[in-house]
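Asker: The primary structure of each chain is shown beneath.
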Amino acid sequence: DTEVTQTPKHLVMGMTNKKSLKCEQHMGHRAMYWYKQKAKKPPELMFVYSYEKLSINESVPSRFSPECPNSSLLNLHLHALQPEDSALYLCASSHLSGSSRKQFFGPGTRLTVL
Amino acid sequence: AQTVTQSQPEMSVQEAETVTLSCTYDTSESDYYLFWYKQPPSRQMILVIRQEAYKQQNATENRFSVNFQKAAKSFSLKISDSQLGDAAMYFCAYRSETSGSRLTFGEGTQLTVNP
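These protein sequence lines map, in sequence, to chains L and C.
Following my numbering from start to finish, the first sequence increments by one per residue and tops out at 141.
Following my numbering from start to finish, the second sequence increments by one per residue and tops out at 116.
Check the hints yourself; a few may be wrong.
Said to hold, decoys possible - Stretch by stretch, here's where chain C covers chain L in the computed footprint (C-beta under 8 Å, at least three residues): (1) 72 to 84; (2) 110 to 122; (3) 131 to 140.
Said to hold, decoys possible - Pulled from the structure, derived: some chain C residues nowhere near chain L, Cβ distances all over 10 Å: (4) Ser8; (5) Thr28; (6) Arg51; (7) Gln57; (8) Thr61; (9) Phe65; (10) Ser66; (11) Asn115.
These are computed hints drawn from the structure, not numbers from a lab.
It should be emphasised that the depicted structure is a prediction, and the values quoted were computed from it without experimental measurement.
We put the beta carbon where it would ideally sit given N, CA and C, even for glycine.
Start from the sequences, fold in the hints, and give me the full structure.
Answerer: See the structure below:
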């Protein structure tokens, strides 16, 4: 299994809603990532989890709350988002050792904040 | 700080022809890795090819090959026998041992394949 899955594929939410994005992988990767991507731009790193612990937080606003319940799952909890948070949210995973640590990406969740 | 530059925002190629996408990077590190990712309209990022800086031999994956010039800090991607399915945004990315798991991406090149 060389796949990263993400649910939902699309999400529309109001600024007062609470929602969650889910990411799952079964490749035995111990690093998992959240990226935000705007149209025609490269992905921007938001968070990195290493061995289920938050290792990198790129100064992301607290309305985004990551969670890594176990080595296969990664969640991103959303609350009180702004319209400018509308974007494609990508999850990725990789090994933490080895030469290239290549990242495998999921298909993304397209988020629209009204 | 490491930077990655893709100087061609858009490129086009005729089906079955060859196209080369440019990427340059700036680093003071000696041990690093370079990647080309493809992102088609479906938006899933797919790893196309990777190159370890310590390897002199250029990486090749089927119709995709790179021209890695370490001294010039250049890492171009050549796509041979272009197919309609190659149409996508292509991102060059860099990772060093000191940056841990963090990837630095270029701004991307949008490739169009004309039938």
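Asker: Compare the structure with each hint and give your call.
Answerer: Verification of the hints:
no.: 1; hint: 72 to 84; result: holds (count 5)
no.: 2; hint: 110 to 122; result: holds (count 4)
no.: 3; hint: 131 to 140; result: holds (count 6)
no.: 4; hint: Ser8; result: holds, 15 Å
no.: 5; hint: Thr28; result: holds, 16 Å
no.: 6; hint: Arg51; result: violated, 5 Å
no.: 7; hint: Gln57; result: holds, 15 Å
no.: 8; hint: Thr61; result: holds, 16 Å
no.: 9; hint: Phe65; result: holds, 15 Å
no.: 10; hint: Ser66; result: holds, 17 Å
no.: 11; hint: Asn115; result: holds, 20 Å
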